[in-house]
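Student: Protein chains in written order, with the numbering used here: chain A, 0 to 346; chain B, 11 to 398.
Simulated from the structure, these hints should not be mistaken for lab results. Hints may be right or wrong, so weigh each one.
Stated by the list, open to error - Below, a sample of chain A positions facing chain B; criterion: calculated Cβ distance under 8 Å: (1) L15; (2) R17; (3) L176; (4) E177; (5) V180; (6) N203; (7) Y206.
Said to hold, decoys possible - Derived Cβ-Cβ restraints for the label pairs, each shown as a range: (8) V180/A / L305/B: 48 to 58 Å; (9) A37/A / T66/B: 55 to 65 Å; (10) K209/A / D139/B: 47 to 57 Å.
Built from N, CA and C at the ideal position, the CB exists for glycine as well.
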Amino acid sequence: MSDGGGSWGLATASPLRRIAAAVLTVAAIDPFVPAWLARAERSRYEDDRVFRFEHSDLFATGPVVEYLREHPRGDRPRSVFLGNSVVWGYRLPPEDSVPARFQQLEPSVRVFNFAVNGFGIVSAYLMLNAVIDAVDTVYLHVDGRQVNPGLARLIPVADEDVRRFDLEPPDRFEETLERGVGVWRLYRYSYRLQAAWFGTSTRNYLYAHKSSLLGASSGDTPTNYAANPPNSKGITVFHRVAESEPSPDRRRALPDAEPQLWEYASFIRAHGKQAVFWRIDNGASDTSATWDQLNRVFQGSVAFVTVAAPAEMMVDERHLTSTGSAAVADMLHDVTHAALTPHDAVH
Amino acid sequence: MLFTEIRFVLLVAGCWLSFVSVPAARRSAVLAAWGAAFYLLYAPGSAPLVFGLIVTAYVVPSRFWMVPASLTLGLLTFYKFETRPAAVSSLAATNFAAESHVLLPLGLSFLAFELVHFCIERKRGSLGDVTLADYLAYTLFFPCRIAGPIKRYPEFRQAMSAARPSAADVYAGLMRVLIGVGKKVAIADVLGLTVGEIPYADTRAQIAKILLAYTFQIYLDFSAYSDMAIGVSRLFGIAIPENFQYPYASQNIQAFWTRWHISLSTWIRDYVFLPFGRWGFTTRLRRTPAVIAVLGYLVAFLAVGAWHGASANFLLWGLYHGALLSAHHVFKRTVAARLAAYAFYDSALMKGASVAVTFGFVAAGWLFFLTDDPHQALRLVRMMAGRP
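Isolated chain B, as found in the complex (with noise of 0.2 Å):
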């Protein structure tokens, strides 16, 4: 693990030190350059592309936005057609094509959203002044350059240029990491070893264990690299947003999406759904809304699904909870639209049974992601279905 290396660990006692020391005004520069550091430690061989896609991201003027931001969107296309991994175990692996001869230039899967997310914002003048130094930082900064979260230029900025890094945000964030390596190593990690026993399942309880185990670990596996970019980002009093909120106790399929992986389901509802929302309303397409949003939610969640990996397995759960999310907002306008006039509606018991039936929902959904061979994973549909 990346965050526990110990070359990791002293870049970032490195920058902290080279952070505190030079006066507020340079500290945008200081992460830029150990962001760079980062990556020629790290990733020498996908530093020239990485460093051309940010420098041309900065230097095009706005008015051409769309060049760098095709540009981006398709060197990312083109790396997850060329690394579509050989079996994914955990989302923040997908920075790591396994079993591939090209590799996915690291952490560009989040780099080029936040590119693209520049782009558009510089274009639509919510920006303001940008100086190359910030800019460097915020592209660069390294902490998050693992496995996300996705960053908003005006936040981080503005959360740069408050930093005051104290005892207090250095105790506050070793603990967060602190929390992430527990979560990572002493849960995710074993639970993965009940995942493991995939190819040995032929019954539908143990696919049913495996199943709840990988819905365990691939969230608890997640944010906890959440967590260590988080912590990290803390000791230098940065404050990065949360990118997941207990979303297995979400009550609907909606609400899930608002607190797993929030940085990649706003960038997503900011760029592809909200756009595709207001074209829809300017076709004829717009005297029935209920159809543009379920067209909205299947556009995006394709994306979200293409974002993982260009393979169908992705595509096909991008599809599943665009599906579901269609379903929810036909169902909250039209049944749950009258139950809303019942007491019971409102009370915990059911309160309890939606959170499970999300839950229920969600766990399914991961199927997909268990192996990366559709056929394998229909099989275990089958299987759960009890028609082996």
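Bound conformation, chain A alone (with noise of 0.2 Å):
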């Protein structure tokens, strides 16, 4: 094996001088990955762009939790929205998704929508745990109950959780090692480099910008974009506060009722957080006793509210158009000024 190159097609002059080369490159470059992941973090996180995962992308959701771990304070107070594609947006670009639309009316809060299309609520749960000290005020859709066996790998879940929702279980092993190797910040910072540059990964990026890339225009035309026919009606909201504590049999079997909407509350609560805890329910006709109730147990901390909207404001008999999203985001904006006052996040 004295020629190196020849066959392998790779050129061999002074291989040494080339890994040093190489290694130093690395060594130089290194120092500076701090400041440049604080300056496109900030951008991503911190300012006014719509903030939710490129293509419902899992990548990024390890990123912007540890980054909101690490900077427990932002600029301003921080709301979270947590659901499935009807708050991610299916089928409507970013500004149209009911928390774009809800930081339209509400500039003085930084809003993250961590939804994923398929998210069930606990998988929402999951998301918040991690980031509860972060955020101020939560918005959870709710809509299913299934869990994404995969997300213990991407954000920090207790053992605890990954046992109760059978999850798969991290590699601590891989983790200890990379932990290790962490002294070494372009590696360590490679995942965060790419959420706040791109808002997903390289791949995904390059992916979506594909046509851009390789020249051709970029005016991407929404061919999936929903329709947004002007419509007259609005939605109908269904919120309402038991007039009197339930009884102390009704409260012990309220628990049993929506054992995980009482576990999420009472955790918000328990952190001093607000929530609003909203579901799509077209064929409402009324509020439900036990969501009448869990108001009056939760009252001042959390807020479960009930919409139905007009078939025009749908897409499907699932997701929103722009027009139902803003209506939403409005609903939610009264809620928490309405239901959830005094409130210091929300000014």
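With the hints as a guide, dock the two chains, each given alone in a separate frame, to form the complex.
Tutor: Right, here's the structure in full:
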């Protein structure tokens, strides 16, 4: 193996020098990485641009959670929207999703759209659990109880929750090794840099922008953009607080009636945060007694709201048009101020 | 990706340091030990089975070579049936069955063919004296356990004994690994996102776009794994044969199969196609050699299809390529033989057209890989033909 080139097709002149040059280059770049990261993350997470996971891809969940845990206080109070494709904004441009509409109504708050397609409330809870100390107000769309089994490999999840929700356990051994290699900052922050620069993985970014990168016109026609016909009807909001405290028996039964919502609402209240739990039920004609009582028990901390949207505001039986999203954002804004006041987070 | 996990990097580093610090005579033992460590670290569940197969193939006397060879192929068949994947996105993923409770032992597809090769060649007496350490180093050589290439014992032993790892090897190896990682991450995986649009494709243009993306994804993905395996081997100064040689630039389907997954196609040629041909010439078929060739191609490529997985799609894909090679065999001896007299047949234009036609046929064949459901594959074919 005296000749390293030739059939291998690689130049081999002074390989030792080349290796040394590569190592030195990497070492010279490394001290600048934290500053690049800080600038990119500040722009991504604190500025005004709409935040949502591009393509509903899970890649950026870990980096944004890590950022929020490292920066529990931002420039502005923070609101996170949790849920599935309804909240993410299926078939809507980012600026027309419910959280983005809410951001327009509340510019003094930094809104994070943490929704991912197919996320149920358990996934949402795990996301919330990871960032609870860094957020002020939570908007949870109640739709489906499923959990993404791979979540514990992306964000910090307590071992007990890994067992409880039957998640794929994170690879602790690899994680330990990665921490050891973490002195190499370019390696340690590679995911966070990608998420901050592109809002997603480089791979996803290249895919999403391939037309413009290949020189085609960047006027990407949103072929699947949901039609948004004008309509005169609004959504119907069902939000009622039971007039009296539930009886002791009923109070004991409430956690059984809505075990997950009870647990999540208690968790939010215990952390001194506020939340709106909302669901879409287009067949609803009145509030549910259970939700009325939950409103009573969690009064001032968590509001439970049901909305019914007219057919013109729905893309299909589940997803909202941009007008529907605007109406829901409006409702959430009103509920936040009406039911959760006094409130320090939302001004 | 296993090649970029830190534990794998540490495994390679540990193996490399031991490899260069022991006398040359001990190097095969070092490779064997680290290969065993690789299995214990990554697939402890399948390690006993893998070690058992390896030991069986060694200890059974060569005159009974059929016993370990059948056992190996039987187990491979069993696992291929049990682990029919729900979706195939990558040839390299043939090691990892998705959505199945039975896991294909890590690297079994590649190991099985190496063991059968070993059994046959030892019986033929072409291996000479085989030491246990050399044999274990060959069978447990972990850079090639993930996605091939399928090695040959004599070449590997020769490469191992000639290994003098130098800075040039380390540099060239690292560059080759980097090229592989870049090909996979920056190109193949991005193309994979376009391929992921398949459930929403409902026009011919969309399917054509996805098929084109898949055609390059599957090549870049698989050849990237080969690059990484060859690169890691190169760190040790061990030359592993190339597995791909610009296959999409082939001028005919026969040339394609000498440039695509070369280690598999040459294995199939040596242990299925040629033995079948030799057997064919002992039968009445010897008067019609073209029939022997056609049947040989069909049988060989049915085996190639089955190696990828025991589902109808892979078998159909294998038959498709068998049929293409058969057609080429006949074409070469009839039409092409006459055309060869004309100057234009050797022109650059004609060569370009041949490359384009070959590429078209190969790309069309990937339709069978795009989905694991034959009905779905047929739906795609119908849609491509304009009859939805």
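Student: None of the hints should be skipped; say for each whether it holds.
Tutor: Quick rundown of the hints versus the structure:
The beta carbon of L15/A comes within 4 Å of a beta carbon in chain B, closer than 8 Å, and the hint placing it at the interface holds. Interface restraint check for R17/A: the shortest CB-CB distance to chain B comes to about 5 Å, inside 8 Å, so the restraint holds. For the restraint placing L176/A at the interface with chain B, the shortest Cβ-Cβ distance is roughly 4 Å, inside the 8 Å limit, so the hint holds. For the restraint placing E177/A at the interface with chain B, the shortest Cβ-Cβ distance is roughly 6 Å, inside the 8 Å limit, so the hint holds.
The beta carbon of V180/A is positioned within 8 Å of a beta carbon in chain B (closest approach about 6 Å), and the interface hint is therefore held. Among the interface hints, the one on N203/A holds; its C-beta lies about 7 Å from the nearest C-beta in chain B, closer than the 8 Å criterion. Satisfaction of the interface hint for Y206/A is found here, the shortest Cβ-Cβ separation to chain B being roughly 4 Å, below the 8 Å cut-off. Between V180/A and L305/B the Cβ separation comes to about 55 Å, which falls inside the hinted range of 48 to 58 Å.
Distance hint for A37/A and T66/B: a CB-CB separation of about 59 Å, consistent with the stated range 55 to 65 Å. One distance hint, 47 to 57 Å for the beta-carbon pair K209/A and D139/B, holds here, with the actual separation near 56 Å.
Of the numbered hints stated above, none is contradicted by the structure.
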